[in-house]
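Undergrad: Let's have the full structure, built from the sequences with the hints guiding it.
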Amino acid sequence: MINNFANAYNKIFIKLFDWYDTIISMLPNFLVAVLVLIITFVVAKFIRNIVSKTLQRFLYNEAVNSLLNAIVYTAIIIAGTFVALGVLNLDKTVTSLLAGIGIIGLAVGFAFKDVASNFLSGIYMAVKSPINVGDIIEYNDIYGTIKEIGIRATTLTTLQGQDVIIPNRLIIENYYTHYTINGQRRIDLSVGISYGDDLEKAEHITKKAIEEIPFLKPEKTVELFYTEFGSSSINFVVQYWVDFKSETDYLKAQSQGIKNIKLAYDKNDITITFPIRTLDFGIKGGKSLGEVLSEAKNE
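Everything in the sequence shown is counted per full-length UniProt numbering, starting at 1 for the first residue and increasing by one.
The set of hints was computed from the structure by calculation and includes no laboratory data.
Mixed in with the good hints there might be a few duds.
What the hints assert, rightly or not - Below 30 Å or equal to it, Euclidean Cα-Cα: the simulated DSSO-like pairs (lysine-lysine) are:
#1 Lys-252 <-> Lys-262
#2 Lys-207 <-> Lys-259
#3 Lys-208 <-> Lys-245
#4 Lys-217 <-> Lys-267
#5 Lys-217 <-> Lys-252
#6 Lys-220 <-> Lys-207
#7 Lys-207 <-> Lys-252
#8 Lys-201 <-> Lys-267
#9 Lys-262 <-> Lys-217
#10 Lys-201 <-> Lys-217
#11 Lys-201 <-> Lys-259
#12 Lys-245 <-> Lys-220
#13 Lys-259 <-> Lys-217
#14 Lys-252 <-> Lys-267
#15 Lys-217 <-> Lys-147
#16 Lys-147 <-> Lys-252
#17 Lys-252 <-> Lys-201
#18 Lys-201 <-> Lys-262
#19 Lys-245 <-> Lys-262
#20 Lys-207 <-> Lys-245
#21 Lys-208 <-> Lys-259
#22 Lys-245 <-> Lys-217
#23 Lys-245 <-> Lys-53
#24 Lys-267 <-> Lys-207
#25 Lys-267 <-> Lys-220
TA: Here it is, written out as structure tokens:
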């Protein structure tokens, strides 16, 4: 029994000495690995600051900026960790970690395909897309102002004040109308005047009335086109351009145009017509209302 105890003690003692020798032999590598990690963290922080300042010059999406900074920082830390493990001769561990990360990444990619698509679309929109916060767009019959471009979705605020959440990939993959990208917008006002009015006179007065709008684009010409003979009017459309930064700019210019035309027509005896209906009485027509009422009394 004493011999068994002595043998066990010797084995433990030998094992401890083996570990000690291994630690001593690995100590330089361990110190180098620690130094690599320290340098990695310092470099990662330095590069993150540089990337952050650079992105702020080109991207106005804080969420995307923060995410890209985190990705750069994490990637550098992971790379430095793998280098440190390689210094410790833990190649098999590194290989196993890479394989595990690959399998996990593949599984996550399948499970969150749409999320990843929206995420990448959000980054693309922040970098390349002409859409910015404050722009006015129309997507799938939804008209409003871009409130936020997030990582997963874009928030669109309608004119009535409701927020509409649209996944980023849908905006990238589909058509949308961008109203503010050019900074200007054309207003088309449809008007109908009486058949008895002078068309040349009406055209001259209409253009002059529109040209009095103070916020008109000076380099754009006011244009008027007669379009049809209506049932009770001769119809035309007058077109003019204004600076466009918000929906209010458009509505003010449209409202001012209507008021100017009405005031000018009143001063020059031009009639803005309204639908006229002729009522014909009697079974076969051709009778007045008085005749029909008189016949009804006699009966």
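Undergrad: For each hint, tell me whether it holds in the structure or not.
TA: Hint-by-hint comparison with the structure:
For the suggested pair Lys-252 and Lys-262, the alpha carbons sit about 15 Å apart, so the restraint of at most 30 Å is met. Taking the CA atoms of Lys-207 and Lys-259, the gap is about 13 Å. The hint holds against a cut of 30 Å. Proximity of Lys-208 to Lys-245 is assessed by CA-CA distance (about 25 Å); at most 30 Å being required, the pair is judged to hold. With a C-alpha separation of about 26 Å, the suggested pairing of Lys-217 with Lys-267 holds against the 30 Å cut-off.
For the given pair, Lys-217 sits about 14 Å from Lys-252 by alpha-carbon distance, which is consistent with the 30 Å threshold. For a cut-off of 30 Å, the pair hint linking Lys-220 to Lys-207 stands: about 12 Å separates their Cα positions. Distance check on the hinted pair: Lys-207 and Lys-252 sit about 18 Å apart at the alpha-carbon level, within 30 Å; holds. For the suggested pair Lys-201 and Lys-267, the alpha carbons sit about 13 Å apart, so the restraint of at most 30 Å is met.
At most 30 Å may separate the alpha-carbon atoms for a hinted pair to count; Lys-262 and Lys-217 meet this at roughly 21 Å. Of the pairs offered as hints, the one joining Lys-201 and Lys-217 holds, with about 24 Å between alpha carbons and a cut-off of 30 Å not exceeded. With a C-alpha separation of about 18 Å, the suggested pairing of Lys-201 with Lys-259 holds against the 30 Å cut-off. The straight-line distance between the Cα atoms of Lys-245 and Lys-220 is roughly 17 Å, inside the 30 Å bound, and the hint therefore holds.
Straight-line distance between C-alpha atoms of Lys-259 and Lys-217 comes to about 18 Å, which keeps the hinted pair within the 30 Å bound. The hinted pair formed by Lys-252 and Lys-267 meets the criterion: a straight-line CA distance of about 23 Å does not exceed 30 Å. For the suggested pair Lys-217 and Lys-147, the alpha carbons sit about 27 Å apart, so the restraint of at most 30 Å is met. Annotation: proposed proximity of Lys-147 to Lys-252 holds, straight-line Cα distance about 22 Å (limit 30 Å).
The straight-line distance between the Cα atoms of Lys-252 and Lys-201 is roughly 26 Å, inside the 30 Å bound, and the hint therefore holds. Only pairs whose Cα atoms come within 30 Å are accepted, and Lys-201 paired with Lys-262 is accepted, the gap being roughly 15 Å. For a cut-off of 30 Å, the pair hint linking Lys-245 to Lys-262 stands: about 27 Å separates their Cα positions. Taking the CA atoms of Lys-207 and Lys-245, the gap is about 24 Å. The hint holds against a cut of 30 Å.
Distance restraint check for Lys-208 and Lys-259: the Cα-Cα separation of roughly 13 Å lies within the 30 Å cut-off, and the hinted pair is therefore satisfied. Taking the CA atoms of Lys-245 and Lys-217, the gap is about 13 Å. The hint holds against a cut of 30 Å. Distance restraint check for Lys-245 and Lys-53: the Cα-Cα separation of roughly 28 Å lies within the 30 Å cut-off, and the hinted pair is therefore satisfied. Simply put, Lys-267 and Lys-207 have alpha-carbon atoms about 15 Å apart, close enough for the 30 Å limit, and the pair holds.
The straight-line distance between the Cα atoms of Lys-267 and Lys-220 is roughly 26 Å, inside the 30 Å bound, and the hint therefore holds.
Comparing the model with each earlier hint shows no violations; every hint is respected.
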